[in-house]
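Asker: The chain contents come next:
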Amino acid sequence: MLQFKLVLLGDSSVGKSSIVNRFVKDTFDEFRESTIGAAFLSQSIKIKDPKTNQDVIIKFEIWDTAGQERYKSLAPMYYRNANAALVVYDITIADSLLKAKSWVNELKEKVGNSTDDNDNDNDNNNNNNNLVIHLVGNKLDLVEDDPEMRSVATEDAVKYSTDENLLFKEVSAKTDFNIKEVFQTIGEKLYEIRQKELDNNNNKQNKGEINISLPRPSTNDSTSCCS
Amino acid sequence: MNDYLLQKVIQKYPNRDQLIQEGIWEGNIYKIQSNSDSDPDSDTNSNSLSFLDNDNCGNRAFTSFDRRTRGWIWKTLVLTVLENETNFLNAGYLNNNIDLLLVPIISSNYSSNNTNTHSITTTNHHKRISSLELPIKKLSQGIRRLTPHETYIHPLRQSSNQHHHHDHNYNSNRIHSIHQYDNHDDDDETDSLNLQETLEIIDLDLSRLIIDDIFREPKVNAEMRQILFNYLVHLSLQKNNNSTHIITTGNTSHCGIGGTLNNINVSINNNNHNMKYDHLDLYSLKYYYKQGFHEILGLIFLQIYDPVTTNKESYMKNTLVVFETLMNQIEPIFYNEANLIQWEETIFARMLEQCSPKIYKLFYNETNTATTENNDITRNRHFNMIWLIRWTRLLFLRELPMEKVYIIWDHLLTFTFPIKIYMASLIVMIILHLNDILLSEVDDEECVDSDDLIEIMLHIKEQPCIINLNPVKVCKLAGSLTQIWYSQNFDNIKSLIIDKITKKQQPSKIDPYRRRMEEKLRQRVQQSLK
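Protein sequences appear in the order of chains A and B.
Quick note: the first sequence uses UniProt numbering, first residue 1, plus one each step.
Quick note: the second sequence uses UniProt numbering, first residue 1, plus one each step.
Any given hint could turn out to be false.
Below, simulated EDC-like cross-link-like pairs (lysine to aspartate or glutamate); rule was C-alpha separation at most 20 Å, straight line [said to hold, decoys possible]:
#1 K461/B <-> E33/A
#2 K25/A <-> E197/B
#3 K59/A <-> D452/B
Derived, one-sided and incomplete: chain A residues facing chain B with beta-carbon distance under 8 Å [what the hints assert, rightly or not]:
#4 S12
#5 S13
#6 F31
#7 E33
#8 S34
#9 F40
#10 A66
#11 Q68
#12 M77
#13 A153
#14 D156
Covered stretches of chain B (chain A as the covering partner; in silico rule of three or more C-beta atoms under 8 Å from a C-beta of chain A) [unchecked claim]:
#15 195–206
#16 393–406
#17 454–463
Keep in mind that the hints were calculated from the coordinates and are not lab data.
Since the model is a prediction, treat every value here as computed from it, not as a measurement.
For each residue, glycine too, the CB sits at the ideal point set by N, CA and C.
Using the sequences and the accompanying hints, generate a full structural model.
Answerer: Structure (structure tokens):
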């Protein structure tokens, strides 16, 4: 089993907790209490290894953050060591995409910086290129009921995602549309990255390059002592 | 049934002091039974109970007070202090000398500070505002400000330096330092919201207040909104210390317990017994709402709310005063990020270290932080903030079963101890109660996964041992710990922990091999008996 840390970021009330609860508990509450600080949930999914066609279990440790945390100084604690980030906006509120963009910028900037530090520890988990960022436009159900409610055009989000090299989907936590697919895509992407890392390490060893530095204990490696 | 409990409480504790000392701190009030045939005083001797657990015999928990009775208790604890005062702002509310402010309506006609205003379409998201179809003043930055300003100076870096300072001067400055963190105004400055932003986020949060169904009622929602708004006005005046907003004729005074505007002269016009808000420009005030306020207020409102009365102003004012009295101690520390971090460093972490070095090491594992660069040291050092934020800001509301929360709040509302110390003591006591879980969940004490710990701490409600947690004992022991902490006699902490806690925990510390052997033996005997 592989274990990955996933963090949800985004403006208040865009539906971060609803997405997590739909994915983990398959429930949806019209009224959900505000997240104070952060919440933690975990869920496992199955993916197919494209080479062997065997099932691989991937466990997500999901950090659901509070959108209104007034000070962003604590945010780095939430996305510390994250392998993936789900940046959520509400497709009925234009401003929430702007907020999502600022989160993407922050992730690219800050996680990138911390990666430089981590590289010294031979920790590849948080390589900036390896942080999987998935942009998600939530509340699709509202737009289906009333198309005029849409404030963020799908094309705009698609273009932004393409430009920034992000994964992107519009979802509905209420109707369960695309929720599992988002996590499935992230899982597959993370697995692909992990396999590439392993291949690279094997290639290095085959070429006689011996990596003498020991890997830092990582929460994301189920074989480590700290898993 | 309800009246019986209330009458019984009133009879037994005719004044506030008795209620606090004999009722709450002695825990006798929680032994009152709803059955009139039983004698509450003939209940179990608390000394015979195991550490922080409910009594095994009888399996009876604590008296479950109805809201009316609990509302009476809380009002007695907080309001009776102010009833005989004439000058305090809160006393003004209680004596009906001051009216609650109405929540202003935001319109395009209003121009704040002569700035240009624009009409914009309202967000569909905030149903209450949008349903009124009010033209709302456009935000200058074009971004909905429900989320924070970006900060450029990382406060953890600052506090990390402070931490080292504290380390060097640990013994001599420990207590001194804990009194020094009331001046983090930078947080306040960046945290401020304008009126529109404030009302948006209040409406959003109130629409998501699910602690009781009554908050779905439009009337209740409107009352909560008004109470919260009045508190935010007071908080704004308090933070900005701007006396020009207030007319200062008549008697003026500073506030003590239950006071609102500590540094502001508050006036009540004695001629018409109404506080003058005429000069108060609600549109230009900075507001400091934070998520969590609404839940604290919600729980208080729930106890004091009277659905049958025709005088709704009365319970609204009472709710405001109780809420504000509590928030006066909580908001400056737990809702201010820099102060919260400093509280963690200078009080909570130090107290935990004194009480249980072993558990302290789990939560503040140096090996975990030592391998990373400076920035990460800072981050890792404060990873406990992730769970502490919710624990402290909501005063255990989401961490413990509601009946236990009520009892803890009873103790908090006596204001016997400063809440910043007492909260740390309460949390330390609960952590000590989780001792076995924490140690068993963590396989290797030298290689602790902080995420595992955070997960445990964010889900303690699900732990079986929490069901048996005796809140009265927790409060009592936390009180003792607070007193010791204040007196700085740290040897007493060790004796408190050894006498009250460690010894009581001994039975669960049986050698696991011995336990396994015993289990096997028991199974063999059972099999042989078959």
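Asker: At a Cβ distance under 8 Å, does chain A reach at least three residues of the stretch 195–206 of chain B?
Answerer: Answer holds; 3 residues pass the 8 Å Cβ test.
Asker: Tell me if the interface restraint on S12/A is satisfied: Cβ within less than 8 Å of some Cβ in chain B.
Answerer: 4 Å, holds
Asker: Test coverage of the stretch 454–463 of chain B by chain A using CB-CB distances below 8 Å; three residues minimum.
Answerer: holds (count 4)
Asker: At a threshold of 8 Å, is the proposed contact between A153/A and chain B supported by beta-carbon distances?
Answerer: At 16 Å from the nearest chain B Cβ, A153/A fails the 8 Å test, so the hint is violated.
Asker: Sort out whether D452/B lies within 20 Å of K59/A, counting only the CA atoms.
Answerer: Holds, at about 14 Å.
Asker: Is the shortest C-beta separation between D156/A and chain B less than 8 Å?
Answerer: 15 Å, violated
Asker: Check whether the Cα positions of K25/A and E197/B lie no farther apart than 20 Å.
Answerer: 33 Å, violated
Asker: Using Cβ atoms only, decide whether S13/A comes closer than 8 Å to chain B, and label the hint accordingly.
Answerer: It holds, given that the least Cβ distance between S13/A and chain B is near 5 Å, below 8 Å.
Asker: Would you settle whether the hint for A66/A is holds or violated, based on the nearest Cβ-Cβ distance to chain B being less than 8 Å?
Answerer: 6 Å, holds
Asker: Do three or more residues of the stretch 393–406 of chain B come closer than 8 Å to chain A, measuring C-beta to C-beta?
Answerer: Since three or more residues must qualify, the claim that chain A covers the stretch 393–406 of chain B holds, with 3 doing so at under 8 Å.
Asker: Checking hints one by one. Is F31/A an interface residue toward chain B, by the C-beta closer than 8 Å rule?
Answerer: 5 Å, holds
Asker: Is the interface hint for E33/A satisfied, with its Cβ closer than 8 Å to some Cβ of chain B?
Answerer: At 5 Å from the nearest chain B Cβ, E33/A passes the 8 Å test, so the hint holds.
In terms of the numbered hints stated before, the structure departs from hints 2, 13, 14, listed from lowest to highest.
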